[in-house]
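Colleague: Chain by chain, the residues:
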Amino acid sequence: MSGLLEISGLAVAFGRRGARPVLDGVELSVGEGEIVGVIGETGSGKTTLARTAVGLVPARSGRVVFDGREISGLRGRALRAFRRSGRLSYAFQDPLRALDPELTVRRAVAEPLAVAGDLDGAEIAARVDEALETVGLDAARLGDRLPGAISGGQRQRVLLARAIVTRPRLLIADEPVSALDASNRNRVLRLLDRLRTERGMAVVVISHDLSSLAGIADRVAVLYRGRVVEQGPVREVFGRPLHPYTALLIASAPSVRAEGGPGAAALRPSAEPPAWTAREGCVFAHRCPFVIGSCRTAPASGPVGEGRTAACHRVPEWHGLVATAQGPPELVAAAGETHKEAGRPPALSRTSEKG
Amino acid sequence: MPHSPSSDPATSATPGVPADRPAALSVEGLGVTVSSGRLTAVRDVSFTVGRGEAVGLVGESGSGKTLICRSVLGLLPPGCAVSEGEISLADEALTGLSRREWDRVRGTRVGAVFQDPASYLNPSLTVGRQLSEVLRVKLGLDRARAAERTVELFAAVGLHDPAEVARRHPHELSGGMLQRVLIAVAVACAPDLLVADEATTALDVVVQAEVLELLARMRAEHDLALLLVSHDLAVIAEVCDRILVAYAGELVEDGPAERVLNDPLHPYTEALLRVATVDDWERRELEVIPGAPPEVGARLPGCRFADRCAFTAPECLDGPVPLRETADGRRVRCVRGEELDLSRAGAHGAREVAV
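Protein chains in written order, with the UniProt record's numbering: chain R, 1 to 355; chain W, 1 to 355.
Isolated chain R (complex conformation) (with noise of 0.2 Å):
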């Protein structure tokens, strides 16, 4: 199936020819109306993974496709009309740098239809009205404010409002919120659940907090160090992840880590790292408990069952191994469901082939 923004294969690196690239091997795809969720640490490639889908960065190699046309390769006039159509928009991380704060609210929203220079006056300030109104802000009382004088969770808004403003078919947004706290956080994903439900638009929702991507995703991507380590449905992902790098972050993560998982000290190493893991191997082989040989051949990402993909060796039997150190019930299950899921051994062991 080919969905509305397809990454294959995607490479970016910055500085020196031979620097360890910031993104590597990267698959994702988003369909039409689909909200994925890409998840990972500080340093992890989110953002540049954002910014390259957009066009802000070049591509060292490998493709980014959206609706049907390959963005990566294009550049200058082509490029910048591209991303002045708004069809495919960003919202930025911080908000409060990302505005300019000498234009009020309204000037704020109305500057990307400005630029793609469709519009007339009046029909730009009606649009503006009409997407401060989805984004839930009085355009009457907030419209003429300058985003210093309005809360954390308002600004955050404007920025949304800036970003659905042209009408995309796809919403990258980068952290949307990681400044707010809990009631206004689940107003934002409120409304990006509404505008899929109601628009049709696609969103990639980029953060490092699960349990608001748990909350509308349906699909997450787990970077680690410039790879998607694991992808799949979100509850099957967070209820049985299938990466142990995906496992460690549940199991610290106090709101979705589920009860009778295992702690987060049972899936960190005991021992040190072997000494290759610092220049080669797989990208989680330093922080792995399961660390074997054969992972010194990095792992490339497989599919696992249905609809989920993982780059380990050791999928099929490290679940075990915390199993018998600690007995959860979760992943003795978890362990056992993957394999009949999956249902199809050459399915499996196509990433222990690799290795």
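Simulated from the structure, these hints should not be mistaken for lab results.
Be careful, since some hints might not be right.
Here's a subset of chain W near chain R, in silico, CB distances under 10 Å, partners left out [claimed, not checked]:
#, residue
1, Asp204
2, His231
3, Val288
Only a predicted model underlies this, so the values are computations on that prediction, with no experimental measurement involved.
In this text, a Cβ means the ideal position worked out from N, Cα and C, and glycines have one as well.
Given chain R, work out where chain W should sit, using these hints.
Modeller: This is chain W only, laid out in the frame that chain R set:
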């Protein structure tokens, strides 16, 4: 990445210990004014933290939780002042201390860790030098002994290769490592109380879990009392024996963590639990608390939560609501209190919170 501190399940250390131990910190009738005394941001705040007890202070932005903990540390920002009440550490009254006396108390009797560790360290000195300076000034150790003790303390907070870390400058260390350095500084002189103000908020989830484990271990090993300030109920639920809930500058609820989380007495606590994700991520409806907290210093006739509360009755607006003690020793600032069954109202299905 910091090395994992230890594999022992330090987090399981004794939640729910009876609170009849001597107080490490006691705060009585605290009031804090802001804007040079024009507005009262915190009023009538009374609580104690027992020796070795972990108390969580939770609330939205603007609830006054940071002002409360800054008052305890004698570190209120300019324009803010303690206008009323008494704060004491064990037997020593802190209110009205001179700057010089505060300098003696901070570091030796009470330690502190904040959200942004980098801004509390001198960027041009090695982290080892900064800790050994504290040891020389506060404890009078000589140069060699201070250097030795520095390495011991860095090892104790789980920094991998502590002698090497001691020679690094702050910019060479990750956020999680810097937070460990600050924790080492905070506990260096064996204080009775550690105040952690959003100490893990800026950290990635995996590192956050490690730092929370470290705090729990420090507490268990040194009988350290902990005042943990956070907007994240899941974090507080993870670490604390007792929870204080702040709203609009007042404490509205105080009780054992497990009781507050499963059977809240105040409608605001119940609302916070509904919007937070504490062990129930699979729930998809994203609830919000209607309205917004009152402006700082707003003069309101009765309960400060009344206009957002689903249970407001005429008597709620009659006058200021006192924080009163219930039959089982919990405290709540609500005139309706026990007549409301919030445990059921809040629990859409079973909300079992692991503490």
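Colleague: State the violated hints by number, sorted upward, taking the hints as numbered earlier in the document.
Modeller: none
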